[in-house]
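Asker: The listed protein sequences correspond, in order, to chains R and S.
So for the first sequence, this note's numbering puts the first residue at 1; every next one is plus one.
So for the second sequence, this note's numbering puts the first residue at 1; every next one is plus one.
Among the hints, a few may not be true.
As the list claims (entries may be wrong) - With a straight-line cut-off of 27 Å between C-alpha atoms, the simulated DSS-like cross-links for lysine-lysine are:
#1 S/K948 / R/K21
#2 S/K948 / R/K141
#3 S/K1114 / R/K344
#4 R/K83 / S/K332
#5 S/K137 / S/K31
#6 S/K291 / S/K257
#7 R/K71 / R/K21
If you're looking for bench data, these hints aren't it; they were derived computationally from the structure.
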Amino acid sequence: MGKKQAGTGPLSRRPDNSAFKQQRLPAWSPSLTANTVLPTFYILSLVCLLLGIWLLITVENTHELKVDYTKAETCEECFSLRKSAIDSTTACTCTVSFHVPKTFPGDVFFYYGLRNFHQNLRRYMDSRDDAQMVGRKNNLKTPSSYCAPFDYDADRNPIAPCGAVANSMFNDSLTVMYNPMDGSKIQVPLYRKGIAWYTDKNVKFRNPPTNNTFPLQQAFERTTRPLYWQRPVYELDDTDSNNNGFINDDLIVWMREAAFPNFKKLYGVLNRAQGPFTEGLPAGNYTLSINYNFPVEPFRGRKELVISTVTWFGGQNYFLPIAYLVTSGLILVTAVVLTMVYVKVGKKGKNMEE
Amino acid sequence: MDFSSLRSLITRYCTGEESWVDSRTVYIGNKVPPPGTEAYILQRFPDNRIVSSKYTFWNFIPKNLFEQFRRIANFYFLIIFLVQLIIDTPTSPMTSGLPLFFVITVTAIKQGYEDWIRHKADNAVNQCPVHVIQRGKVERKQSQKLQVGDIVQVKENETFPCDLILLSTSREDGTCFVTTASLDGESSHKTYYAVQDTKAFNTAEEVETLHATIECEQPQPDLYKFVGRINIYLDRNEPIARPLGSENLLLRGATLKNTEYIHAVAIYTGMETKMALNYQSKSQKRSAVEKSMNAYLIVYLCILISKALINTVLKYVWQANPNRDEPWYNQKTETERQRHVLIRAFTDFLAFMVLFNYIIPVSMYVTVEMQKFLGSYFILWDDDMFDEELGERPLVNTSDLNEELGQVEYVFTDKTGTLTENNMELRECCVDGHVYVPHAICNGQILPGAAEMDMIDSSPGIDGKEREELFFRALCLCHTVQVKEEETVDGIKRGIHQGKSTSFYISSSPDEVALVEGMKRLGFTYLRLKDSHMEILNREEEMERFELLEVLNFDSVRRRMSVIVRSSSGEYYLFCKGADSSIFPRVVSGKVEQVRARVEHNAVEGLRTLCVAYKKLTHEEYEQTCHLLSSAKLCLHECDKKLAEAYDVIEKDFILLGATAVEDRLQDKAADTIESLHKAGMKVWVLTGDKMETAAATCYASRLFHRNTQILELTTKRTEEQSLHDVLFDLSRTVLRQHGSMTRDIFSGLSGDYQDYGLIIDGATLSAVLKPTRDVTSNGGNYKEIFLEICRNCSAVLCCRMAPLQKAQIVKLIKASKEHPITLAIGDGANDVSMILEAHVGIGIMGKEGRQAARNSDYAITKFKHLKKMLLVHGHYYYIRIAELVQYFFYKNVCFIFPQFLYQFFCGFSQQPLYDTAYLTLYNISFTSLPILLYSLMEQHINMDILKRDPSLYRDIAKNSLLRWPTFIYWTLLGVFNAVVFFFGAVFLFDNTTFTSNGQMFGNWTFGTLVFTVLVFTVTLKLALDTHYWTWINHFVIWGSLLFYVIFSLLWGGIIWPFLNYQRMYYVFMQMLSSGPAWLSIILLIIVCLLPDVVKKVLCRALWPTTTERIQTKRQCLTAEQSTIFMLSQTSSSVSF
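Just chain S, with the same shape it has in the complex (with noise of 0.2 Å):
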């Protein structure tokens, strides 16, 4: 013993690794354990604070301004200001670092404000008190105290204060009920056991005398695994060892109830706890708009460098003559004359930089963060998305991926609870050929499945009866359902028994609820588990009890539970349930073909098929069990892999008893909104777990497939009879031909019924599929290429028999395919959260299976139907709103910026900004932004009713459509177009003659102001003509912010203000006005800006309208012919809405 540890150690400290141990040595009460058992190791382990908080008072300003420039614009932007700072720069540091501080302000306002919210809410928990006890007694201390290895008494309706391995509770049988709501919102108790030989340390007085230690890996973020041991120390003999498990760890954050108190020993605090391990963020997703939008600035950081790469060379060339460079009336000082050349150039160019660095605005930034921000909440507050059984409306995990959601190319949802209610039947079971099925009304009563089963060979004899109820039983037994009494859920009472007090089940599987409430109505009640032992009322009203010895609990990979019990009269029962698929090869007897055949059937209809086997062990057997099971879990390394080969070893030979059916309904409209998913032109797959013929019957159930869809399987079926090479080129085959047929339909103009194809492929072979061969000779390499094509080219794809990790495998798949489709994937429960996490959007479903999905997801709904209107029209709308957005900001900068660019050739490159600095300054933050960021809130191009009757709307928008290289080119040269337009137009006004009647002249900032002038009123104008949708809000602001620009110049060019060095703009706005001349160019240059983009509109209308502009067309001329219907309807209509 002492020879292993020491060895251990060794090697620990031989592999360098003395800061990461894998398991750690809790003592409990912090005591020496007795001398000489094992090495004290001394572990030293964080307190139990939880910091949740980011900052403290010291750090805020530093961490948080590094962790804002961290971000590449902001530090652009910082970069600008302090060049303005260092080099004598044409606009005054001002420009750019009073809208920088404001961004930056703001964004550390709310994050400091945020940060002092979590930091009152982590004192509150740090400084909340607990019980602990020393020397025998119950003291209290504050929560952050708290050390590892204190044992804590936790009172009912407490929350605990960090992990905890439970060791006694004030119930006999060492049990108690915990809810794990605030976790995982799973608000359904569930029970926790105490280790049997600590059970009895009742008191604080008995628990100081116990000694033990526990063994248990490091912590680690897995809320639902856990492995130690635990070593009690009686009598100073050698340690009792038993097992712990999930079962006996109570995790912080869960609440005590229906338990007086307990006594548990503290083993993972603080920041180690697992519910602050869970903290860590996500990774994050970038939309693929946020993209392009990259793609378009790195664009124009390319152009503003050339733009000032191009001015300093013209510069030093203009200045070759001595007297450009330094004329008389503008002689430098004697520094500047002594600079060194290069000094000079650089200097320039970072002035020009600095001068034209506006073409990129700080206020994109702002703006389409809070255009995501704000409008993320639309999708809260839709009323069609609020589920009134729940009482829930969606969350918005994120609002980064908004328009991501009208992008959609592949959906992959998870068939239960997802397409399906979730809201298990018990429909029929089947022992031994014959079929019972339970029926709602006559309560308990048995209807053997009549003349259409002609499987059935006589009545159930005797035998047969017996093999029936102990088919009952098993169902009875073989499960993990609690009771729950007295408990009132949405003000209904569900009782098992009427009369008696009323309680219900719960499980984690609404399938083993299912069985459970059949049984009962089949005869057999099963009551409560007590003392280990499971009470079963059965026909008679007979009390029924097993001693449960052993769960082998269900596994997604094993796919079937077992449970060993030991019967009134002494005999050892092993009973098991699971798929068909992992029963049938461990069935040595029993009736196997008609129960297969039942199976199929049912699958066939969409059920949910079990099948239920036992065998009975003698009670050397069982001992054998016993060990095997006990030496697995005691392990602490692979704990896993060893467990599942002891179960492998026992659950065999099994005989078969039956099969039982469950079903689960569809969901709500889920035919409806796969077949608008599709129309939109999305390719549906559904990831399951489930076996093939019941996913089968559910995607046709959920017209996924149609009747005329050729289904193509490739099926561990099918490749057991021909190899996986040729499957695949069969499929291509018979894929690509149709292929060929149909872009002759689409030339031949008849693309109207082609083949309909649909896949169906199984876990076993997707692995095969996407194994990478080692065999270089055949061109195994290329099976995933031949699998995408063949993908490709179907509407439907069904994958059955999933691993979870496999979902997410697929999802990467596609998502690493050569066209990078947009993927989203939606789920319910825990098995799809590594899909959810791996697609561009995850979609999660607050379904029965808890709220994992939900809290991993980027947007949860409550129902599947409530996607359609997610995607066909918050995504098209978002995707819309952006896509102008984004285009419209780099429109407006060029306006903005090009005619500064074009002046430097009047002014001789000298960097004079043609506007005034407050001009640069408010330009993007205030006489231009809010127009835009309302339209990007409110922006309808289409009603959404339209958008949602007809989805192949959706395909005008795919592909990142409205931001490609054309569209974007196209408003660049629309931006250029109208900066030359302004710059001359007033350049040629201004030629050297007077347009003032009292024959006074005006100075550069006039003409300055004129430029400006056209620009803003122009740029918001070319909103307005894109504005499809004008709300009373786009009236206040576009017409507000046009106003508030005229009010702004008199005001600023109206006063002399103290604070400022110079006064170039007084009364220079009102000059202007009061000039006919200023006022008829600047309604000439704002018509002619607009005439091109106008006519540019109506011919594309005219000559190649997209769908969406038919539909615009369409309700044109409705509104036109039925004004007052309409109007009538509308006004129906907001009266209702």
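Here chain R stands alone, though its shape is the one from the complex (with noise of 0.2 Å):
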């Protein structure tokens, strides 16, 4: 229709002919029949059925060892030590043995398991400063409100690292002990960095500034310690200045807040440089050395040390693999019935279509 028509004579304010305004855009109608949703779950059942049995055989391959400590053996004493959660200052360690049945192959994971520990409640979760803990100066100083009441200590004094999460850090340390058969006692070997997320290490958590041109230690001036910790944040590994601060492995693997109450967080992974260790963890007996400081007891938790291998898949998890083949089987039932139903009422539906 030209302009120059527009605004004059009966048919100006003819709509437009176009196919979407006469809703007849070209489509594709496709609909559930029997036909169409048959062959398709035939294929997925089959699908379904190949990959569980290849996560099944996978995860057959994976080995995984928890050794409950929290009572055992001589931490039976530290256990009841600890019952009191502020008191930390009397050192307590214990050891647990335990037994490699079979050669762990390859990488070996190293976890701490905590059971009954709720780090998902929402007061806790909340109660963090990623600001400060990304290193701004303001937030250093002056907490976010969410931290109370690990915000401040009794003197007004700026608590770094802020928050309930950080100031419950899992603070045991483990020692594991290797037994060989002629007696002697090696030391398992372990990379305790490497554990967090590249990211979160990198670019999440960071110190305050220092310019390098001061010690870590005079950014956190006039900070204060969370109040159960023993050290302050920049003396946390006495091993490596380069992973005090905020930027500590362990800190930031504790401050990645588990979805449930019975969780694990990675200690460490075996350093396979040398000894017996280059083939991965050899079967024989063991003995976990605990810095015992952690309190379970007020809520009834357990701690475990949990060794595992890992493969594309992850550690150990059944509940893929089955998932699948029990989809797949279902899959299958319903296409049996589907069937049968289709030959059985086929015709006659059919027949009433006429």
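Combine the two chains into a complex, taking the hints into account.
Answerer: Right, dumping it as structure tokens:
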């Protein structure tokens, strides 16, 4: 329609004749009939079955070992000593021995596990200051109000890192000793770094700027350590000064709150550089010695050491392969039922159509 | 005189109604009348400022906010937002504040913009100059400063600034022409008259000398009603009182035409003008879908509250152990400890409410409204509903009722102008039994109705000849037709008289035009009304002049009109024409029997018949008549009643002249449309003011009644023979017997041809049926029930002889019956307005009888046949679209919120949200909103041609079938099932194991993101499964919004956001995607979620297919077999359309 005509004549208000306006756009109209659905179901069932079997084999090849040391052996004493959370002045060490029945091949991961510890309580989760942890100077001195009551100490000194999460950081130190048949004791060497997400370690957590001119301690001047900590944040790791402050790996791992009350967190990775550990963790007897600090008695929790190997698929998790196999079965059953229905009713259905 | 006015004053004040004065006195020129004549009561009137805007600059924000928060949904979200602000809640106030703010702002901007436009328009109107006569001079004034009583001069083509009483015009005869196109859409010129005694005051100076007051009623919105009185003080004598009627009242908004200038006095100004009073908005109609939606909302609100309650209670049960309430690692602040336990419990309850509040999303309201608003454009755009003749397309006055078009069970239609063309043509006239057929080709030739007429006794004699001419003259004189000159309509000139100036007839009633035009063909041409003289050109081309003395206007109660004229020879005649029923009882002589027989014969043929009668008046009788009329017109109270009484006295003792028959052709495809509506399960009722025989004939012609339809009559004729009680019981027995056998037929599977019933009822009987009987002993109160029972079993009902209000009554009756069916009323005239307003859906036809029906309707179309597409295609589509929209919205929010609820069991009921704030906010706004919106605009489960071809598909969605409780429960359960699958699937996956290849662990935000990802994909794919009509837009939107989710998540987690004090989502999404098991579980969970719905669909389709599904399947086969042919036809159709 020309523009001249617009506005005059009875046809000027005629609507556009486009396919969209007339609701006649070309379209694909699929519908879920037995013809289209049944083949899909059979194929899907087969795919799920194959995937399930493959996953099952993969999971079968992972190893996992859990050592609960809450009250085991000599730790009983420490357990009762740590009934009160605040009393952390006296040190307590204990040992637990365990046996590895089969060699754990390849990379072996050491986790500490906690049970019944609710890292997912709302107040607890919010009680942290990411802005402080990313190294913003202002937030270091004035922590977020979410951190209360772990924002300032009794003398109104800001706490760094503030909040309940940092305050309750897991502070047992674990040492695993390998006891080969010959009676010697070899400490199992662990990488204690590289256990946090790369992005957390390098971007999300930063120390307050020091400009490389003054020590880290000075950056944390006029802040105080969290109430339950034995050491200030800039002295967390006495072996590696670059692992201190907010970028301490253990701190970062702890700060990633777990979704459920039973969880485990990475403690270290087996260093396979030397000794009997080049092929992995050999079978045999081991002793776990613990610097027992973390109180779990008040919330009836448990603590454990978890040793696990990992494939591309992760740790030992039977859920996914089983779920795939079950789904495959279900789809197969429904497909068979549908086929029967279709064969029986299909003819009748056609009669109904007439 | 003094006394009575004083008394009336006293009574006015005593009744305590100082403010309410039922009449007003206007002093023309604002001059105090001569003293002593009447108490000078100063009345205050508003100025002439028109305010159509709702807001001012100052009150916009508070008033607009108030208006917006009056809506229950907005209020709910405001409360949630305030709760979030006040107490420490799990989610930031942003999550509900932002969407609410967005919705409120957008609405406010839209309303503000609309109001700004109204302000501009108001200002333009208010400041436009008007000419006011002051101190004998013409002065310019702003329109808004006009006062009641000011004398205004209006020039040609100007619009009237307020409601005016015409005093004088530039024409000698004191008439002016006005078009009211902007008021009621009637473009014809209407003649208005100046009061005879003032028409001489022609110039500004003369008008200034006029002393007069006007008494009139207080303003009321009826455009066509006005009563008043003007008192003119000449030479300090007693004032001369003259009646004022609507023919003296010039309405604001109308335009002066063909008249140089007029002088008039302002009586209603500003917001009191009739136009402004008509602005008042109509009552809101709500659709059935909206009602179900509200019911669902209440259910969800209950679910929400009970969820919050359960969690609060469980929280305190769980926290009974102090080490759980306050473990050492999560100490409370001192203030928190001191808070009273009840306050804590209440805040916890509120916090849970806030956490779960997303189950009722703001966006649902926005989406529903957008869907309705945008969806209504498809009606506007529909090329099939465009009328080429008028150049009009359908009007959508409200988009709230789109889906109601798919739910109609009863259709009430007007006959004239709706079923029929309202294009009248005189078919024949019958004078004393002689039939004349004006033939279009042989102009003016009389063809006596030949052999078929057995009642012709002899050829017309001398006497007959006289009677015949009198009959023709009567028809030429007894009308209100105007002659419009030299005007072109649609480029076609329609002339009365060849060679002379072209002109044509206009009237508000097409019957009259048909009669006058028919007379012209029979040799008598009405020329014009000039100086109160009607001029007729008779067969001998001689001019005859009759002085028009009185016009007794037509009204629908009397159903007749009369004129009193004086012939040039000085004889007084009263001519009357009207419906047979209103004429025959008033006839004293004439060949009544023959005429009656002919009238009935014509009525059966479906012609509109009118009878013509006359009487001669002596001079004394005329004087008496005049007196009667003027006294009736002068009164102010119950004027109508007194006028009607006067008319009743005057219009009697007639001599019957004859009858006319006018044909009104059926509209194009009216029968086809009615048949389709029947097939679609709708009951069609025809409500008409016409007489039974005519209406019944139309019904047969339009196939409302079939040849084998058994007609049940419930008319005055029958109730005269039998009592109403007996007739009703008789009929119900007949019908019920049928009903019983019909159910048996259904059981035996033979519901083929059963007896079809049609009911005919007339207005008088109807009012008897509906009248509540006071008699307690008889079970008369049940008449209504019995009547409804009969109606329910009739496929078609014809109600004739209906008054406009009765039409609305019928609609109301059906609406209120126990099934509460959805009703639709369609009509074209002012008499249909009440029924259009009453019905669930009111449809106006933009016809010849003005635009009143169209203005008051919800939708307006140009032809009755368009109703078919409107209901069967558009209504059907709108309904299935919105039904899916509503169900889907609730479903997706169950899926969304239920995992949060489940998570509370794992996090110690601490109100920890599962999803990040951004996800909570954007889920309904951007991740899942567009696919459903576009689905609800585009979906076509069946091709529209099939819908049109097979009306029975409409039954599939009848009775709100897609929004019944079982369907709703199915969707809700599906939502719960999906939620359980995502949540526990993710729980087991996370169960204390690593699922990365570098041994690192994931936290709770990864868990939430995993659930959320499965959620977004499942919910979107579920919609994809339901989509039957995949245009490129659907593809774009569905895949696009999934892609958007992924891109957004990458971005949201990819940056340390400087303005946020938490960075919990940093790299969470990427880390999740880098893990193999996460991918595998996402895929698996989506499959498991969708599986049951697919199985249900396939099973239902195979075992219990609905008609719709059967047709879909059939089409599928067709496409499979003849894909090439189909594609070819597709392409060809897409080319042609």
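Asker: Now tell me if each hint is right for this structure.
Answerer: Against the structure, the hints come out as follows:
1. S/K948 / R/K21: OK: S/K948 and R/K21 at ~18 Å, within 27 Å.
2. S/K948 / R/K141: Since the Cα atoms of S/K948 and R/K141 sit roughly 74 Å apart, the hinted pair is violated (cutoff 27 Å).
3. S/K1114 / R/K344: Given pair S/K1114, R/K344 holds - Cα atoms ~19 Å apart, limit 27 Å.
4. R/K83 / S/K332: holds (20 Å)
5. S/K137 / S/K31: holds (15 Å)
6. S/K291 / S/K257: Not OK: S/K291 and S/K257 at ~49 Å, beyond 27 Å, violated.
7. R/K71 / R/K21: Given pair R/K71, R/K21 is violated - Cα atoms ~75 Å apart, limit 27 Å.
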